[in-house]
Amino acid sequence: MTGTPASSTRRGFLRAGLAAGVALPAGATLARAQAAPDPLITEVQDWARYSGDGVDETPYGLPIRFEADVIRRNVPWLTADTISSINFTPIHALDGTITPAGCAFERHHSGAIELAKPDYRLMINGLVERPLVFSYDDLERFPRRQGVYFCECAANTGMEWAGAQLNGSQFTHGMIHNMEYVGVALRTLLAEAGVKPEGKWVYVEGADASSNGRSIPLDKAMDDVMVAFKANGEALRKEHGYPARLVVPGWEGNLWVKWLRRIEVTDAPVESREETSKYTDTLANGVSRQWTWVMDAKSVVTAPSPQVAIRHGPGPLVITGLAWSGRGAITRVDVSVDGGRNWTTARLAQPGVPMAVTRFYLDHLWDGEEMLLQSRAVDETGYVQPTKAALRDIRGENSIYHNNGIQTWWIKKDGTAENVEIS
Amino acid sequence: MSKSRKTAALLIILAAAPAAAQTRLPPAEQASAATPLGLGRPALPEEVAAWDLDVSPDGTGLPEGSGDVATGEEIYLEQCAACHGDFAEGLDNWPALSGGEGTLDRVDPERTIGSYWPHLSTVWDYVHRSMPFGNAQILTPDETYAITAYLLYSNGLAEDDFVLSNENFAEIRMPNAGGFIPDDRAASEYPVFSAAPCMENCKDSVEITMHASVLDVTPDDAGDATGAAAGDPAGDAGSD
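Protein sequences, first through last, are from chains A and B. Each residue of the first sequence is one higher than the last, beginning at 2 in this note's numbering. Each residue of the second sequence is one higher than the last, beginning at 281 in this note's numbering.
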């Protein structure tokens, strides 16, 4: 569903603007004239005269200092401490789909532990023919699988259930990252141990104190779950489960067990703390959904947004954001600038990839007036991202998890933006 | 191990999942070793025993042992009360382990062991494996039975002379045991949200009904919180 926007040329911009009834200020589509020569051009700058850094300066680099605001942030009041807590990916400042590991969000229950490869052990036990112990080196000898997948915390956007609360896509939608993983299919490891016929579930847990044990149906375990040891080309970062984690495509992040140490084949779910007390979704009538594994289709405009004001004034504006679905590929993203009264189908930067993040763009001609900016994702099952009101009608406001409702940014005439809810 | 009716229902749901919902892996990734490669080594019984600590709802996995409420209170006051309060009521932002009965259908329900948790097995398992916070896996089975007994007492679910053991464990039924259903979105939401969406003239008017700036709880550039949550809107988004 990608297409060339009508507004990709200046004439197209004018046409699109006129078609949408946009009255542009005079000269808005013309490049601004420079009153005096620009010294950055007319005077020789230091960087054009003196040498820069040598190739021995930075064996492993960090972003340039001007990008110091593109960092993970946390919200101190969200949790009792920072050890069992969450931080947020700066999605407002990123583009494309791959999340740099160094600013990809973290969620720990007993902190990010340091586990060296020589100390790593992975056990498979339970309803198997051969209970086994693998070393890290063993893992690297199995046939490998590669895939790009989003990991979204079940609680992403959870603070917004009762209304607009946090001001920025980083905080409202930043419990997500999207990486290219390499590892071993879980079914390959299970085949090594030999699953007995009565095995119906796997219970997976980490090496950390919290353990984060979760139950996963065998069908999913045998399908696309993998034990990953590389992300975005390199070893997993410590905070993302070094040296090995579970990757569970399309399913809530809590199941992506880090520092994976044990896989137990069982005939029933364990009903651990992380699938009873937590990661269960209370409905308005007090009954709670359990095992809500899949993350439904969702999107958010990352720019403009509260952390990314429009500073260039009226005229051409790139509206961009992310869309993803745990039930397959994103096929379409619609964008509204008037609070959902009218929608325009945006351009997907690349065709949607199942269970991975998709980048969308809408090349817009901003008239300088207020906007109520929204995005609406559609996935290959035909599911259309619902409004928050539509979700609340079914679930109430106490679910905590799985808030995939449509986000609204109020863009003011001065270009600043705010997280709002609308009728 | 007995399967609950809930699990049976869930397995039916899984079995009935349409093919469209199944993953389509790229052809290159569909090949995987179906026959053992001979990697790894047999797990020794002592190793399995050291790591396989999980306890299922029917009590499977519980070690032999017992503990009473009074002993549990002693250990609890020493190991747990600094965060969770003398009566398991929770201190500051630390989780309450008791209270909240009858609040699940209200705004801001209080989900505790007594008001929310479906199985006692989860209490034993989680405390034994992951508590005290910052110093986990120090509790013996008997100490874990005693603390679990004290938590039942704190929630009004046991008398003060109660003794919990692996023998009577399976007899305990938690108040909210019937309060959970397997994910039902396929029936309750997917048909509703799969209609062709409106593209033009979808509403007569639009009004802003809520502003995040009114709350003003977003960290500023320095990364500091500029306010406190109104009530507990974050719920358990990241808290334990």
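Careful, some of the hints might be misleading.
[As the list claims (entries may be wrong)] Simulated crosslink set (BS3-like; lysine-lysine; CA at most 30 angstroms straight-line):
#1 A:Lys231 / A:Lys118
#2 B:Lys483 / A:Lys231
#3 B:Lys483 / A:Lys279
#4 A:Lys279 / A:Lys239
#5 A:Lys239 / A:Lys197
#6 A:Lys239 / A:Lys413
[Said to hold, decoys possible] Computed beta-carbon distance windows for the label pairs:
#7 B:Tyr470 / A:Asn343: 21 to 29 angstroms
#8 B:Pro471 / A:Gly53: 37 to 45 angstroms
#9 B:Ser474 / A:Gly55: 55 to 63 angstroms
#10 A:Asn343 / B:Ser493: 44 to 52 angstroms
#11 B:Pro471 / A:Pro352: 43 to 51 angstroms
Just so you know, the hints here were simulated from the structure itself, not pulled from any lab data. Note that the coordinates shown come from a computational prediction; the quantities given were computed from them, not determined experimentally. C-beta atoms are modelled at their ideal positions from N, C-alpha and C, and glycine is treated no differently.
Okay, the hints, checked on the actual structure:
{"no.": "1", "hint": "A:Lys231 / A:Lys118", "in the structure": "holds (13 angstroms)"}
{"no.": "2", "hint": "B:Lys483 / A:Lys231", "in the structure": "violated (48 angstroms)"}
{"no.": "3", "hint": "B:Lys483 / A:Lys279", "in the structure": "violated (37 angstroms)"}
{"no.": "4", "hint": "A:Lys279 / A:Lys239", "in the structure": "holds (24 angstroms)"}
{"no.": "5", "hint": "A:Lys239 / A:Lys197", "in the structure": "violated (34 angstroms)"}
{"no.": "6", "hint": "A:Lys239 / A:Lys413", "in the structure": "violated (41 angstroms)"}
{"no.": "7", "hint": "B:Tyr470 / A:Asn343: 21 to 29 angstroms", "in the structure": "holds (26 angstroms)"}
{"no.": "8", "hint": "B:Pro471 / A:Gly53: 37 to 45 angstroms", "in the structure": "violated (60 angstroms)"}
{"no.": "9", "hint": "B:Ser474 / A:Gly55: 55 to 63 angstroms", "in the structure": "holds (58 angstroms)"}
{"no.": "10", "hint": "A:Asn343 / B:Ser493: 44 to 52 angstroms", "in the structure": "violated (26 angstroms)"}
{"no.": "11", "hint": "B:Pro471 / A:Pro352: 43 to 51 angstroms", "in the structure": "violated (26 angstroms)"}
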